[in-house]
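Novice: Here is what each chain is made of, one letter per residue.
Number of protein chains: 2
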Amino acid sequence: MAIEDVKSRPRDSEATAKVIDLLKERFSDRVQTGEAFRAQHAHTTTYLPPQLPDAVFFAESVEDVKAVVKLCAAHKVPIIPFGTGSSLEGQINAPEGGISLDLSRMDKVLEVNAEDLDCRVEPGVTREALNEYLRDTGLFFPIDPGANASLGGMASTRASGTNAVRYGTMKDVVLAVTAVTADGEEITTAQRARKSSAGYDLTRLFVGAEGTLGVITSITLKLAGIPEKIAGGVSSFQTLEDACNAVIMTIQMGIPVARIELLDAVQVKACNAYSGLSFPEMPLLLLEFHGSEQSVAMQSEQFAEIAADCGGSEFVWTANAEERAKLWKARHSAYWAGRALAPELSGLSTDVCVPISRLAECVAETQKDVEREGFLAPIVGHAGDGNFHLLLIFNDKDPGEIARVEDFTARLARRALAMGGTCTGEHGVGQGKKRLVAEEMGGAIGVMRAVKKALDPDGIFNPGKIF
Amino acid sequence: MAIEDVKSRPRDSEATAKVIDLLKERFSDRVQTGEAFRAQHAHTTTYLPPQLPDAVFFAESVEDVKAVVKLCAAHKVPIIPFGTGSSLEGQINAPEGGISLDLSRMDKVLEVNAEDLDCRVEPGVTREALNEYLRDTGLFFPIDPGANASLGGMASTRASGTNAVRYGTMKDVVLAVTAVTADGEEITTAQRARKSSAGYDLTRLFVGAEGTLGVITSITLKLAGIPEKIAGGVSSFQTLEDACNAVIMTIQMGIPVARIELLDAVQVKACNAYSGLSFPEMPLLLLEFHGSEQSVAMQSEQFAEIAADCGGSEFVWTANAEERAKLWKARHSAYWAGRALAPELSGLSTDVCVPISRLAECVAETQKDVEREGFLAPIVGHAGDGNFHLLLIFNDKDPGEIARVEDFTARLARRALAMGGTCTGEHGVGQGKKRLVAEEMGGAIGVMRAVKKALDPDGIFNPGKIF
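Protein sequences appear in the order of chains Y and W.
Note that the numbering used here has the first sequence beginning at 2, numbered continuously upward.
Note that the numbering used here has the second sequence beginning at 2, numbered continuously upward.
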């Protein structure tokens, strides 16, 4: 299903074959051209059709990355950086062929500076592996997009997730990256200091660039102290507006909530079925508080008052780890719970983000649109950020339905835009949202293109994405 | 005093005269060429010698900015954006002449979205004016670099200051900017949503670009709720190491301190004399806590324990607004208190930032260097960020002393670099730190240059800065 045409350059098969030969000569079986490998590296958790690379190269060091970049640059062959393949907008597809640069073997935690609450990791380290590594330090890495993504990938798509309302997004926790640029050399975008005014913010230029400006080879990350206490709970609301109002009041009062997630009735029903829960099939807020024993109690009580004011069900909070784990497991399974509603159909996961004051309105209008179209589309949102997801369940064999889904997602994005929002809060642009981002950014797209051209004049880095 | 040679292009006097004539024709007395105006726009709170623009243009609207940019671009005449002139590294100097673009009349608060905790302002609004405007909303703008700088200027130098340890720097609170680029058109870098993955992070590319990529015409800012309660206090320490250890423990324990400032004995002495205080002439920490009544009490008590553990004097905290105001007025006068130590001499204010675990070591080594050189140089730092300032008092008429000051600041920067730090935490590069930033960034400077060239091919925006 083509949400938009990908403007492909003709592949230069000869150049690609040459690069593959040279790589094989040097790296032997770390270069793979079999269809299974290639298909696996184009298979994304997305509705977009896979576009296979010509080969997969497994990098094990910065020197490997430099070598492949130099070779590909010399022959103008595309490089598609690959972490775990969990991106949602076709970021790892290879519309012009080329080399999928698999970074999953670069999975070392290079340093942990506990005193400074930071660490440096290779791009293939996943967020769960990092947290496992940190287990005895009293520190943790808070960004949690759901999937066990690689940190290189998370930096590249500017990932965020449930904890972002308190701990920020990848833009906030990445202190620096090293990256191999088009000349095959490695640059360091910043030092380990907490702040700097030393020239352009190249760190944040690479964060969110989706691998189109170079290959990230290490990431320096801020860490957080594991909270002394974690508490959480749920509250059901009669209407979405009520639930959203509770979120707005929570944020406005400055309650430092760690997670505040909104599920609509359809999603609650799906989660009940999938995870064996029995929440009322009404809009639900799912919360988590981090802090001292005193502080989480205070936060929980403050929220309970807000929930009551907004007509929510009694907010019962618990610091019991098992109960909390069950809740969040259900939240993390929301995507699969949605897919399980109609396993024979396809699913398109899309996201938008609006100023929080417009969240209720945007969700409500979107629900009406869903009803009008007769779609099945559970909604789940990082409500504290004004960010919500829609999982459109549809038949990807039916061209008419595909067209309706395209129109629907475009309307959703334009609805968000009209409210001062963005067509993607955290999934990125990839192939799927190029047209919508162009609408959103207007003239600023020209500036992005100029930056791209300046840093990657031959367009070898992840072509066909963002623009 | 030339810390480094500015590579000047020859001025094209004819082109400049032409631009000035055309501007005068259209804008009459909003174009000024008298020496008083020009000198005022090159006079900075810096040790660098003023370099006057050829004319000053007072913009009153985005249309004005577009007009002057189009004209200057057509004739390749430099434009130097000007806010209040409080930058510290020669950012507003005009080494190649051209037009100082004074934005101080663009001083409207364009919108306040209290529900979303954000606002949009013109670049000439100062931080104090914004907070005055917000007085009745229950919100405030937290970034406080000391000077009453314009928000356009603060964005451009990626300013921070005393509150950054809790509220972040300009990179964290700017949600979006509009900017006029080299083609004379205005772009919008992002929407009002709290987060976005819609392509390259142009917002943070303009934040910290020091006016070298375009002219910021509005800034969308995150605001914070005025805390229910503010408390603060001081504690004196036997040694710098003890004071720094108290800071490290505070940050590691996750106490959400709003301000934690370090003054060395020399600075304490200067502040005592200048502000009529009587602190022991020992290293001093000055703190502020924001939160609920309960929370500031808890934070204050936690810090008191830490201070005691680190051998600090008894930490007496107060929520009395008058007492706090006196303390922070003294802190904000630190620069002038330092200058008052030897009013006949010149002062060079420089800053570095290191990982917090290295702060004590970096400050102590720097103090030894100061002693060796026989300089007078009070130290004051945003200790929670690992950022500190040195005010070097020196005779700018003595070439030998100038050379010693240059060598000293270079040693300071390299000391910070060797500890994983940066040569500037918040003052920016301007003219003064170009050589040091080049050392710090290595190959990344090439990427910055490529971005600059892509966005400003004729080098009209604030030439001679950063690079």
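Honestly, I wouldn't trust all of these hints.
You can't tell identical chains apart in this list, so a pair holds if it fits in one copy or across any two.
Simulated crosslink set (BS3-like; lysine-lysine; CA at most 30 Å straight-line) [stated by the list, open to error]:
id: 1; residue 1: Lys67; residue 2: Lys19
id: 2; residue 1: Lys67; residue 2: Lys454
id: 3; residue 1: Lys454; residue 2: Lys77
id: 4; residue 1: Lys270; residue 2: Lys67
id: 5; residue 1: Lys369; residue 2: Lys109
id: 6; residue 1: Lys327; residue 2: Lys71
id: 7; residue 1: Lys71; residue 2: Lys454
id: 8; residue 1: Lys330; residue 2: Lys270
It is worth saying that the hints were derived from the structure and are not from the lab.
Novice: Determine for every hint whether it applies to the structure shown.
Specialist: Hints, verified against the model:
1. Lys67 with Lys19: within (17 Å within a copy, 50 Å between copies)
2. Lys67 with Lys454: both (20 Å within a copy, 25 Å between copies)
3. Lys454 with Lys77: both (14 Å within a copy, 23 Å between copies)
4. Lys270 with Lys67: neither (50 Å within a copy, 54 Å between copies)
5. Lys369 with Lys109: Answer is neither: 48 Å inside a copy and 39 Å across each miss the 30 Å cutoff.
6. Lys327 with Lys71: neither (48 Å within a copy, 60 Å between copies)
7. Lys71 with Lys454: both (17 Å within a copy, 23 Å between copies)
8. Lys330 with Lys270: within (15 Å within a copy, 58 Å between copies)
Going down the numbered hints, you'll see the structure goes against 4, 5, 6, while the others check out.
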